[in-house]
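Asker: Sequence:
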Amino acid sequence: MKYPAVLPFSELIATLDSYDTIIDVRSPLEFAEDHIPGAINCPVLSNEERVEVGTLYRQVGAFEAKKLGAALVAKNIARHIEGPFRDHPQNWKPLVYCWRGGNRSGAMSHILARIGWPVTRIDGGYKAYRSHVNTELAALPASFRFHVLCGPTGSGKSRLLRHLAAQGAQVLDLEQLANHRGSVLGNLPDSPQPAQKRFESSIWHLLRGFDSARPVFVEAESKKVGRLRVPDALMERMRASSCTVLSLPLPDRVALLLDEYAHFTDDTAQLGTQLDLLTPLHGKEKIAQWHQLVASGEMPKLVETLLATHYDALYAQSVKRNFQQLGEAGSLQIHDFSEPAFEAAARQLVTTVA
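Quick note on full-length UniProt numbering: the sequence shown kicks off at 1 and runs consecutively.
To be clear, the hints were calculated from the coordinates, so they are not data collected in a lab. Predicted model only: the values in this text are computed from it and were never measured. Hints are supplied without guarantee of correctness; some may be wrong.
[As the list claims (entries may be wrong)] Straight-line alpha carbon distances no greater than 30 Å define the calculated DSS-like cross-link-like pairs of lysine-lysine that follow:
no., residue 1, residue 2
1, K2, K127
2, K224, K127
3, K93, K197
4, K284, K223
5, K66, K2
6, K286, K320
7, K66, K127
8, K284, K224
9, K320, K223
10, K75, K127
11, K127, K67
12, K75, K2
13, K301, K320
14, K67, K2
15, K127, K197
16, K2, K93
17, K197, K223
18, K224, K197
19, K75, K93
The task is simple: from the sequences and hints, build the whole structure.
Answerer: See below:
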């Protein structure tokens, strides 16, 4: 084969995992928004350089912009060759892409091929990859048999998913992928949610690695996890799937939530801000009472109150309305929120849902 090889993403998908390195040569900001899972970022133009070249193109003209861009690209490619690529052997097999598979990835792949590496460039670049993900997410969920974990807030659905994964079950943890716990108090401090496109890439990447003959465990979710939207086809498939309802004694639910939301104990100001978001539902007087519980350090009482007056009723309405097989769901009682209890529950569920 003549290198650099140029192939469409549709032909590369079956052999994507055979490449030693997937190189995204776009700017760091483009890479941060989304990228092919497993890719590394080796930009041929920095964020600032990309803006500089684009501005020159609009204000002066294509020739001057290309001349500046070529100099910057050459400098940056040299830096990558002298740095992260320096010790790669001759049979190192990289896959390179940029936004549309044109100038930036073309320059990188041409130089790597002239050195002697068997490099392939994605024709159509990230844009082609993104089109493939959109198509797959509309069809792929129908290939799987999902099993949905239901149960009120604090019953341990996310914790059980982690134990299922540890025992080798196929798990799609949407809250983990979204970096959010799925409620008004679910944002994680100092850890922002990914971009919507990155969330969808993560879902696609997991689904493409699953065995369609085995069940996929997932938590009952609404259409949005924080500010991110669950893909429509996946949501529809989940809502039509079989369910198991978890139950955990109320004191253990409170203890579990205090454990998983421990950051609010350290940052009561942020907790107060989040509680204020519930004012339209519960009124200023009740919110003031909850603020007083926070101020007096009565966190267990606050959690129990929130469960009784907010979370449990809303969850019961939502899950009954949205999950078609809830009436035929099995039940799984977890006696406490200890690790052995969840390990045992995971083993039981794996056996039950064959």
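Asker: Tell me the hint numbers this structure goes against, listed in increasing order.
Answerer: none
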